[in-house]
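Residue numbers (the numbering used here), protein chains in the order written: chain A, 1 to 422; chain B, 1 to 422.
These are computed hints drawn from the structure, not numbers from a lab. Keep in mind that a hint or two might mislead.
All copies of an identical chain are treated as equivalent in the list; a pair is satisfied when it fits inside any one copy or across any two copies.
[As the list claims (entries may be wrong)] Simulated crosslink set (DSS-like; lysine-lysine; CA at most 27 Å straight-line):
| hint | residue 1 | residue 2 |
| --- | --- | --- |
| 1 | Lys269 | Lys161 |
| 2 | Lys394 | Lys174 |
| 3 | Lys24 | Lys332 |
| 4 | Lys246 | Lys18 |
| 5 | Lys396 | Lys246 |
| 6 | Lys18 | Lys332 |
| 7 | Lys24 | Lys246 |
| 8 | Lys269 | Lys246 |
| 9 | Lys262 | Lys233 |
| 10 | Lys33 | Lys352 |
| 11 | Lys233 | Lys269 |
| 12 | Lys332 | Lys33 |
| 13 | Lys87 | Lys396 |
| 14 | Lys87 | Lys381 |
| 15 | Lys161 | Lys262 |
| 16 | Lys262 | Lys246 |
| 17 | Lys233 | Lys161 |
| 18 | Lys87 | Lys33 |
Protein chains: 2
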Amino acid sequence: MVNVAIIGVGTVGQSVAKILEDNKTLISARAGKEINVVKGAVRDLSKKRNTTIALTDNIDEVLSDDSIDIVVELMGGVDEPFKVVKKALTNGKAVVTANKALLAYHRYDLQEIAGALPIGYEASVAGGIPIINALKVGLSANQIMSIKGIMNGTCNYMLTKMSQEGVSFDAILKEAQELGYAEADPTFDIGGFDAAHKLLILASIAYGIDAKPEDILIEGIENINGHDIEFAKEFGYSIKLLAIAKKSGNNIELRVHPVLIKESQMIAKIDGVMNGVSVIGDFVGETLYYGAGAGGDATASAVVSDIVEIVRAGQSSPMLGFKKPHESQILKLISTDEIESEYYLRMRVQDKSGVLATIAQICADNEISLETILQKTTDDKNIAMLLCATHLCKEKQIKQAISEIEALEALEDKVSMIRIEE
Amino acid sequence: MVNVAIIGVGTVGQSVAKILEDNKTLISARAGKEINVVKGAVRDLSKKRNTTIALTDNIDEVLSDDSIDIVVELMGGVDEPFKVVKKALTNGKAVVTANKALLAYHRYDLQEIAGALPIGYEASVAGGIPIINALKVGLSANQIMSIKGIMNGTCNYMLTKMSQEGVSFDAILKEAQELGYAEADPTFDIGGFDAAHKLLILASIAYGIDAKPEDILIEGIENINGHDIEFAKEFGYSIKLLAIAKKSGNNIELRVHPVLIKESQMIAKIDGVMNGVSVIGDFVGETLYYGAGAGGDATASAVVSDIVEIVRAGQSSPMLGFKKPHESQILKLISTDEIESEYYLRMRVQDKSGVLATIAQICADNEISLETILQKTTDDKNIAMLLCATHLCKEKQIKQAISEIEALEALEDKVSMIRIEE
Numbered sequence: 001m002v003n004v005a006i007i008g009v010g011t012v013g014q015s016v017a018k019i020l021e022d023n024k025t026l027i028s029a030r031a032g033k034e035i036n037v038v039k040g041a042v043r044d045l046s047k048k049r050n051t052t053i054a055l056t057d058n059i060d061e062v063l064s065d066d067s068i069d070i071v072v073e074l075m076g077g078v079d080e081p082f083k084v085v086k087k088a089l090t091n092g093k094a095v096v097t098a099n100k101a102l103l104a105y106h107r108y109d110l111q112e113i114a115g116a117l118p119i120g121y122e123a124s125v126a127g128g129i130p131i132i133n134a135l136k137v138g139l140s141a142n143q144i145m146s147i148k149g150i151m152n153g154t155c156n157y158m159l160t161k162m163s164q165e166g167v168s169f170d171a172i173l174k175e176a177q178e179l180g181y182a183e184a185d186p187t188f189d190i191g192g193f194d195a196a197h198k199l200l201i202l203a204s205i206a207y208g209i210d211a212k213p214e215d216i217l218i219e220g221i222e223n224i225n226g227h228d229i230e231f232a233k234e235f236g237y238s239i240k241l242l243a244i245a246k247k248s249g250n251n252i253e254l255r256v257h258p259v260l261i262k263e264s265q266m267i268a269k270i271d272g273v274m275n276g277v278s279v280i281g282d283f284v285g286e287t288l289y290y291g292a293g294a295g296g297d298a299t300a301s302a303v304v305s306d307i308v309e310i311v312r313a314g315q316s317s318p319m320l321g322f323k324k325p326h327e328s329q330i331l332k333l334i335s336t337d338e339i340e341s342e343y344y345l346r347m348r349v350q351d352k353s354g355v356l357a358t359i360a361q362i363c364a365d366n367e368i369s370l371e372t373i374l375q376k377t378t379d380d381k382n383i384a385m386l387l388c389a390t391h392l393c394k395e396k397q398i399k400q401a402i403s404e405i406e407a408l409e410a411l412e413d414k415v416s417m418i419r420i421e422e
Numbered sequence: 001m002v003n004v005a006i007i008g009v010g011t012v013g014q015s016v017a018k019i020l021e022d023n024k025t026l027i028s029a030r031a032g033k034e035i036n037v038v039k040g041a042v043r044d045l046s047k048k049r050n051t052t053i054a055l056t057d058n059i060d061e062v063l064s065d066d067s068i069d070i071v072v073e074l075m076g077g078v079d080e081p082f083k084v085v086k087k088a089l090t091n092g093k094a095v096v097t098a099n100k101a102l103l104a105y106h107r108y109d110l111q112e113i114a115g116a117l118p119i120g121y122e123a124s125v126a127g128g129i130p131i132i133n134a135l136k137v138g139l140s141a142n143q144i145m146s147i148k149g150i151m152n153g154t155c156n157y158m159l160t161k162m163s164q165e166g167v168s169f170d171a172i173l174k175e176a177q178e179l180g181y182a183e184a185d186p187t188f189d190i191g192g193f194d195a196a197h198k199l200l201i202l203a204s205i206a207y208g209i210d211a212k213p214e215d216i217l218i219e220g221i222e223n224i225n226g227h228d229i230e231f232a233k234e235f236g237y238s239i240k241l242l243a244i245a246k247k248s249g250n251n252i253e254l255r256v257h258p259v260l261i262k263e264s265q266m267i268a269k270i271d272g273v274m275n276g277v278s279v280i281g282d283f284v285g286e287t288l289y290y291g292a293g294a295g296g297d298a299t300a301s302a303v304v305s306d307i308v309e310i311v312r313a314g315q316s317s318p319m320l321g322f323k324k325p326h327e328s329q330i331l332k333l334i335s336t337d338e339i340e341s342e343y344y345l346r347m348r349v350q351d352k353s354g355v356l357a358t359i360a361q362i363c364a365d366n367e368i369s370l371e372t373i374l375q376k377t378t379d380d381k382n383i384a385m386l387l388c389a390t391h392l393c394k395e396k397q398i399k400q401a402i403s404e405i406e407a408l409e410a411l412e413d414k415v416s417m418i419r420i421e422e
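Only chain A is shown next, with the shape it has when bound in the complex (with noise of 0.2 Å):
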């Protein structure tokens, strides 16, 4: 028998009492053992909850009390819940998380603290999908080439909406809000936040980098606009966020942004809330996983799965894959300004001779060379939107570029960009 505590019993902790209680036989033959949950710990012992677990808020008595073999953290924040699962650790438990900001910051020191201790935390990356596992252990034959992965439900719901119906980007926010697809405040979604962290994860198991999100290129969708969307299907286009880690030679590009990818491709098809992770393996090639990246269940999900494994294998390999520093290559995470792109831009111009070719001009002088421009007519006949799509050019030539053109007197509004990705 093996007993499970949970510190926050929010949606998906209630969703995982729920699993290891309706689903108990199956599981008990999969894992060799019974799993119970035997306690929960909660800030707010007064909040209405629906479940049956035996609640306290008393999170130490629940950490060091000896019959509980694994901790199941879902609290939500960084520096709170590492001191609970530190302390889990330190006091002999296996710990499982859902916590991708914990694990962005703090997962090589989770490693080291672990040492032979299980940390399982599929489900802190794309909810039920386990893109941690197939990484991991799936795909362990391959240097990976690239990640890219739609792992932000709310953005890609949107984008898709945005694509399908026409809608604005304001209105189909409030709508998402009103659905329970965006949080009051969607800035961790729709700045690209949600995302980074998940890839800062995914990028540690293929790579072995410790990077943090302050150290890597993070935009979100808050500029699309119809404009965009219209260029992005006369071209054969889908708009996505996408949170994408390439590798070439031994330098690795990390970063989470829209990009127009073309619509025949497998991750161009992944529509509404959907998750999906296409990974490149210099053997295997790609492979794809798609699924649910949020809800209660589907999260809770992924967390019994790595409380099974647990309980099956104990630790089976050091939590990220392997141990840090990657011991086998030097690997760079790049700056920003060296990493490559095609970009497409947006511009607001008055429309008088000589604003197009002074901006052809400025990319020229930055050696941007331009594969498409068109000029679009707006309500307004003093102004006209300029799009155009560039050849391959590097971040620091784009922004460059960019700022000279956003000096322009012609110029109506900032330049809006979006790279693209072939």
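Place chain B on chain A using the hints.
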């Protein structure tokens, strides 16, 4: 240091050796130990091979070599590899196999013989896609409600081409053979047997069901023609060869056959030689796994991931995820006759009055209600093509109706039937 021997050094075996060599440092870092391929056993030493492995034609010598830790079985066939794997296990060696036919017949025998010794078989289903691991570990919290897999690249390539380019079955088979996507004798692939072997392996992990190929419904794609493709397009369907496992209550359906499936479903979007498996769990909902289902490198990627996992962890759980018989429930494989589906029928009939009415009456007599009937002209003005889709009925009802229809004098040909998967 871990020593590996490969029995059967063909395309996959050579690729296994190449991966372990090319990615040696990386794989050592992940596995925690150096892994070396020290021997290969082959039937015919005179065959040309692109490998530096020391080869022998004395399999027994390899199997009794005390320096070998892991035996990789890549021979093909059933009886001979069963003997080889048994002997390897009896001699205390861990085993990795890519042999789906061996597992379709002997997986429970092997699980019993192995005891605590690890057997890896990720490569046996869907090549490089880590679907075994996903089912065994990632989804272990769930009752598996259904598995639907496109697990034969040959069939999917042919159906995709027929649909996208209007090529005939015979022409595309010839092309597939020339491209190396189909064998000289393609029966094993296009008859559905290859997919059936894979389905049986997945069904064991999901349900603990010990069925053999002869226990389940297996139909191939031989009878699909242009009329079916056209009908599918007209009604928004794709035609795919699906391997299906479905749970309803304690009944399990296992079947492999072509289906009409709505184009909007994720699995319907998997085209060409690619494979994909959709799994629905009671808590996680749908997850889908996509990638290369065949080819030396993709298959070898899965073989090597098993080797790495054995080196890391040993056997972390019973080979098939849980012991036979399923300990939590008595699950029953339902007989083919009791399977329920909607059906599409194609009939070449003499174009004279009363034929359609007679066929409709036969359906009514068998309590089959029709959803759609289309009559199309053919090149021969005396012959009409009838295409119809039914509502839900049982396999035994449709079989009975088809045999009665085929007994009609007006029938020019056998009735062609495809199940509709909703």
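Practice task
Run the structure past the numbered hints and jot down the numbers of the failing ones, going up.
Solution key: Hints 2, 10, 13, 14 contradicted; others consistent.
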